[in-house]
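**Student:** First to last, the sequence lines map onto chains A and B. Going letter by letter, the first sequence gives residues -3 to 222 in the numbering used here. Going letter by letter, the second sequence gives residues 2 to 514 in the numbering used here.
Certain hints may be false.
What the hints assert, rightly or not - Heads up, simulated DSBU-like pairs for lysine-lysine below, C-alpha to C-alpha not over 35 Å straight-line:
(1) A:Lys196 / B:Lys388
(2) B:Lys466 / B:Lys481
(3) A:Lys180 / B:Lys481
Hints listed in this document are in silico derivations from the structure and should not be mistaken for laboratory results.
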Amino acid sequence: MSQKILVVDDDDALREMVGLVLSGAGYNPVFAGDGISAVDVFTSHSPDLVLLDIMLPGQSGIEVCKQIRSKSGVPIIMLTARGDTEDVVLGLEAGADDYVVKPHNGAELLARVKARLRPLSADAAVVQIGSLVLDPQTFEVKRGAVSLSLTPLEFKLLHTLAAKPQQVFSREMLLEQVWGYQYKADTRLVNVHVQRLRSKIEVDAENPKIVMTVRGHGYRAGTEAS
Amino acid sequence: MIELLRRSLTARTVFATLVLSGFALVTLGGFLSYSLANSFYQSRLTQVLNETERAVGLVQGTVAAASLTDETALQTLINSVVPSLEISGGSGNRQVALLRSPGQPQLQLFQSPISRDLDLTSIPGELRQAVRQSPGILTYTSISLLRAGSQVPGITVGAPIDFPLAGDFELYLVFDLAAEQQSLQLVQNALAVGGIVLLIIISLLSYFVTRQIVKPVEKAALAAEAISDGKLDERLPERGNDVIALLARSFNKMASNLQGQIQQLDSLSRMQRRFVSDVSHELRTPMTTIKLAGEVIFGNREKLDPALSRSAELMQNQILRFERLLADLLEISRYDAGAVTPEFEYQDLNAVVGAAIASIEPLAFSMKTEIQVILPPSSVDAEFDAKRIERLLRNLLSNAVEHGEGRAIVVEVGQNSQAVAVCVSDSGVGMTRQQLERVFDRFWRADPARQRSVGGTGLGLAISKEDAILHRGWLQVWSKPKRGTSFRLTLPRRADSVIANSPLALPPRSAEI
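So here's chain A without its partners, still in its complex pose (with noise of 0.2 Å):
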């Protein structure tokens, strides 16, 4: 069965193209116009990714993001029509996984869905981290008892870190093994999400023990066994 993609833009003739591109790769897309219809065609569909344009009348892409997040995990990739303004990091603070500038092309926006539909290798083993307990098969991360909900990418995220307690892993290794990015991307991506994760898994966000920053190098996952 071919996965569901939401794509949110309000300019018809690109939401057309786009799912031109999409169906060509496969890929079964569905279309919202604005920002009110995209939430309701999002609980109707419930779709495997969403491709969401920023600006959208209605409500802005940032809200719906926040809105997607609130029930769901689902891979969000924002459509942004610029590189470098604060709604970049607005978009990623507001939960999603990875951004596309606009004008993008074809390949580029299709490796991008690609990377975040791809599920973890199957033979990802179920590792500790910390107090925590991440399973892969059912992506559950417990503590004790008690179930933590993560995306999938924050999952991921975590996950690699915690497959090699050993190793640093710099924000250019993580943007390959985690986001899939085959070459220099934007370095803000890590910071954010590790921002997300640990205000999901820290006990105190401020001082955290499970993902550790390293200074000038990176991250790595927490020794602290509990």
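Go by the hints and put chain B onto chain A.
**Tutor:** Chain B in isolation, oriented as in the chain A frame:
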């Protein structure tokens, strides 16, 4: 003092007034005092001569009236007459001497009657000689007398007197001019005091008058300074109807016009920048659709007939070119809007130069151009935004390849204590002086007729310049027709510091061979 004179117009004016009026006063005072002294002397002289004439007449009359029989009688008479001369007359202070002319037989008993205190040096030999040689008239000379320990001017008048029986005598009267001297001194003192007071008054007057004129000028100067510093609201107070008020009014009018012009230009250029930014943004969405559609058509061109297939190729290339242009327009409009925030990081410039060269190598290879690199042995660390500097270097390199005529391109990296630098030089067509002046202008091309092999947007160097400025660095160019072109980028080691000089020479050493 000299510093003050050089700096302050007021001080200079007051000083000049002081010097000139001082000179005038001294001249006037000198003249006054000289003519006063002269007239005092002349009037005293007349008086003195009159008195002497009377005295001579008195002595001669007395002697003639008396019937003198012998020496003793003469002596007695003379002794009584001469002292009386000391007190008669208007001016009191005079001394008398009756001297016997030399060259006559000695009178046995005769003693010259001489006033007490009379210093005989007051009757110089030359005077006595002159007196003897001019009988019948009065002869006088100016002398200097000692009175109460100080020198005072005086006059000695002499006349020959002929006594029957006894022979030739000379009568001398010595007058002092102490009173006149004192009067003159008084007048001179008054003149001096008056002159000094006058000088002070003139100085103050010229100070106030100058201030009156200089102050508005000073204010205007300060206001002009403020305006040139960007405080366009600065104005002068306009009071009255005089030339100063006219200056203020003209100045204010000029400032208002200037302000209006600047604001108009400012809003025009803001509107224009806003327009470029808006257009660029509005173009992005349709651009994305066109690009995606073009790709789909281009990707399936084998299924089309040859003409359509070629059209798809042409369209695809132009879409890419359009996209580059749009990206550059957006970038420059970001700079214009001041919306660029660089990400400075302390890193090795050599690595960035290497990356830029690596990315340009395919183009250089296709143009059969060799790239020679001169790197310092150690790493060249500085604080900069690697993405922007790499883009800037890529741009310089692609320009060098495009205009290098296939001759080798030299890339040199240098460093000193405060700055790091990269110089990219080609030995190609070069540019004239007029072309050099416009090289950083937007959409400017050195030779519009030239075939574009690389297909830059025309904004590359304009963006590069902005990038350099963003880093507080320099992007400079040297070029000569047929010799080649060199671009030198100099960056401060610390993003917040200022460059004093570049570690590399421009024109580069390689260009001088």
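**Student:** Hint by hint, say whether it matches the structure.
**Tutor:** Outcome of the hint check:
Taking the CA atoms of Lys196 of chain A and Lys388 of chain B, the gap is about 33 Å. The hint holds against a cut of 35 Å. For the hint pairing Lys466 of chain B with Lys481 of chain B, the CA-to-CA distance comes to about 20 Å; that is within 35 Å, so the pair holds. Under the criterion of a C-alpha separation no larger than 35 Å, the hint pairing Lys180 of chain A with Lys481 of chain B is inconsistent with the structure, at around 38 Å.
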